[in-house]
Amino acid sequence: MSILINKNTKLIVQGITGRDGSFHASKMKEYGTNVVGGTSPGKAGQEVSGIPVFNTVKDAVAATGANTSIIFVPAPFAKDAMLEAIDGGIKLVICITEGVPTLDAVAAQRYARIKGVSVIGPNCPGLISPDESMAGIMPTNIFKKGHTGVISRSGTLTYEVVYNLTQAGLGQSTAVGVGGDPVVGLYFEELLRMFQDDPETDSIALIGEIGGDAEERAAKFIKEHVTKPVAVFISGQQAPPGKQMGHAGAIISSGSGSASEKIAAFEAVGVPVARETREIPELLKKQLNR
Amino acid sequence: MKVHEYQAKKFFASYGLPVDRNIICRTPDEAVAAYKQLGVEKAVVKAQVHTGGRGKAGGVKLGSSEAEIRQHAEAILGMNIKGFIVDRVLVSEAVDIASEYYMSILVDRKSKCPMLMLSRAGGMDIEQVAKETPEKIEKIVIDPVVGMNDYLAREAAFKLFDNMAQVKQAVPVFKNIYKLFTEKDASLAEINPLVLLKDGTLKAIDAKMTFDDNALFRHPDVAELFEPTEEERKEREAKDKGFSYVNLGGSIGCMVNGAGLAMATMDMIKLYGGEPANFLDIGGSSNPEKIVEAMKLLLSDKHVKVVLINIFGGITRCDDVANGLLEAFKVIETDIPIVIRLTGTNEAEGRAILEGTHFTVGTSMADAGHKAVELSKKL
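Taken in order, these protein sequences are the chains called A and B.
Residue 205 in my numbering sits at position 205 of the first sequence, and the numbers go up by one each step.
Position in the second sequence counted from 1, then plus 1000, gives you my numbering.
Derived from the structure by calculation, the hints contain no laboratory data.
Quick caveat, the model's predicted, so the values are computed rather than measured.
Please note: incorrect hints may appear among the correct ones.
[Said to hold, decoys possible] Covered stretches of chain B, going by a simulated chain A footprint (3 or more residues, C-beta under 8 Å):
no., stretch
1, 1015-1028
2, 1062-1075
3, 1142-1148
4, 1207-1216
5, 1254-1260
6, 1276-1282
7, 1348-1362
[As the list claims (entries may be wrong)] Heads up, simulated SDA-like pairs for lysine to any residue below, C-alpha to C-alpha not over 25 Å straight-line:
no., chain 1, residue 1, chain 2, residue 2
8, A, K144, B, K1139
9, A, K29, B, E1349
10, B, K1203, B, I1024
11, B, K1002, A, G99
12, B, K1241, A, G242
13, B, K1139, A, G270
14, A, K27, B, L1216
15, B, K1198, B, V1060
Virtual Cβ for every residue (Gly too), placed ideally from N, Cα, C.
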């Protein structure tokens, strides 16, 4: 088992004929993801790496039974692409695109909620259930099937932590990059619940960063609802206040959102916080008594 | 992106919000002329700077004669407020205040919706109010599907006012500021204070707006108001090249792909006893020219004694990075030691390309971090 995606996932790629879309569509297919189609208006009938292209999401869904979509279109068009996927019958939308205006994300997330659709991103690396399906831009060779769930606000930091986990013999059930923007879809609390409920997941690595108070809320949620071992890493301890650290959402503002407050919140509920990423496997193993 | 009070007030006025009469001035002469033009007895001279706390710094002064206005303008123009030199003052009519209120709209991360924040404790430092007396702040989440309708604006108005005439005046204020907020892709629209005058009318006597950088492409009228500091100019130049850069003042320059990993890298350097010179995220996609530009950017900081390159290949391919490095060092002459860590897509190819060159190759992030810190201490 895993969460959100598995062998039954039927994925379409919105923006499949673009540079990033075509590159990652073929990478995902290579990994074994069931990529059933892609969209690019006016290019129906073409193929990208043997994947059929459709004009619209509705056409693609009708022809393939797709239930999941991944978006690679440029930022000005990302809102439209998300709305199209949500309206087209897709149940899980993953938006990789970086630089999406916040109010566009607000509109798309609201429509997703109305339609009962889950969104991951924008500005995220996607997700992977190792050996089953990868919907994202992740370097698949570092992942190994196993029992640790990974939730992260950062792409490359996810890879760093997963690399450490795999080397330490801790495989992953599913790893999700939730995205670095202030407004994104599925977040810590929803994913913690999914991992808590997933019988194949026995532990959780949570990677947070400065900005907002989602980590503080996650700490509270863990205390109340999560019985599985959790280890945390928070990046941005050296970040100066008021500066946006790459991710649009990574900013310490008006004295809140700092790494030290987040670390304190987890420590207060007994969740161990790693000082550097490579400590995470050890912190989980200790709790798993391995 | 921040704008000045007078620019925010122009946006306010164009959306029908009641603002005080004001004139922007660059010299004491202009300030005196503005005072005459306003034709009021009392006027306020306010520093226009991209930072808070100008009142405490002496950047806001009340005057009631040409001589006083001139004196205040002379004192405030050229003033250094938290590193910002004042080059403009706003001269505005002084008003008779009966009571002060706070209101703002921002995007709430938790509800993923715009949110209205209101308080009867206006004119104060709202962060302090939030910390010390959070019960004095009312929050109303605005469903973007529904928007700011009359009923919601009324609901908001009743949080601030008990008198129906005032509620009626406040309704269009809330509706219009929400319209402005959404149409211009603001990330903050704040009136502090929104004042009730002794004559019973409402006025915004201060205005603060910041805008979503990601949406500037569709708002040229906002984008043209960008006034970068020296530091921001460097950050913006970096951004135009696809980088995120923040200077931190230390000696170990960092080049990393991905914001989270870049933050973790600078945290690690500090943990190991070194001082990070910067945050630099070179982004997802990979091309050698980008590496050249990133190296130039790092080496333009004279404090940098060692460069640590930490690349975990996702979209970024390690062989591209290695080629980019070799190419960069054909163009850039430097004696600065370079420590590099490459892991991920095509890592074997990447490392093979770097073999036999003068780069110090770390076997892991921690190994590279230790090596960079050691080198920085020797130099």
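Quick rundown of the hints versus the structure:
Proximity of the stretch 1015-1028 of chain B to chain A, defined as three or more residues with a beta carbon under 8 Å from a beta carbon of that chain, is not established by the 0 residues found. Given as covered by chain A, the stretch 1062-1075 of chain B fails the check, having 0 residues with a CB less than 8 Å from a CB of that chain where 3 are the minimum. For the stretch 1142-1148 of chain B, the proposed coverage by chain A is satisfied: 3 residues have a C-beta within less than 8 Å of a C-beta in that chain, meeting the threshold of three. Beta-carbon proximity to chain A at under 8 Å applies to 4 residues in the stretch 1207-1216 of chain B; the threshold of 3 is reached and the given coverage holds.
A count of 5 residues in the stretch 1254-1260 of chain B with a Cβ less than 8 Å from any Cβ of chain A is obtained; the coverage claim is therefore met, three being the minimum. Look at the stretch 1276-1282 of chain B against chain A: 3 of its residues bring a Cβ nearer than 8 Å to a Cβ of that chain, three or more, so the hint holds. Given a C-beta distance limit of less than 8 Å, the hint that chain A covers the stretch 1348-1362 of chain B is violated, as 0 residues qualify and 3 are needed. Our distance criterion of 25 Å between C-alpha atoms is broken by K144/A and K1139/B, whose separation comes to about 45 Å.
Pair hint K29/A plus E1349/B holds up; C-alpha atoms about 23 Å apart against a cutoff of 25 Å. For the hint linking K1203/B to I1024/B, the alpha-carbon distance of about 18 Å falls within 25 Å, and the restraint holds. Distance hint between K1002/B and G99/A is fulfilled; the C-alpha atoms sit about 18 Å from each other, no more than 25 Å. Straight-line distance between C-alpha atoms of K1241/B and G242/A comes to about 22 Å, which keeps the hinted pair within the 25 Å bound.
As the CA atoms of K1139/B and G270/A are separated by approximately 31 Å, the hinted pair breaks the 25 Å bound. With a CA separation close to 33 Å, the supplied pair K27/A and L1216/B exceeds the 25 Å bound. Of the pairs offered as hints, the one joining K1198/B and V1060/B holds, with about 22 Å between alpha carbons and a cut-off of 25 Å not exceeded.
Going down the numbered hints, you'll see the structure goes against 1, 2, 7, 8, 13 and 14, while the others check out.
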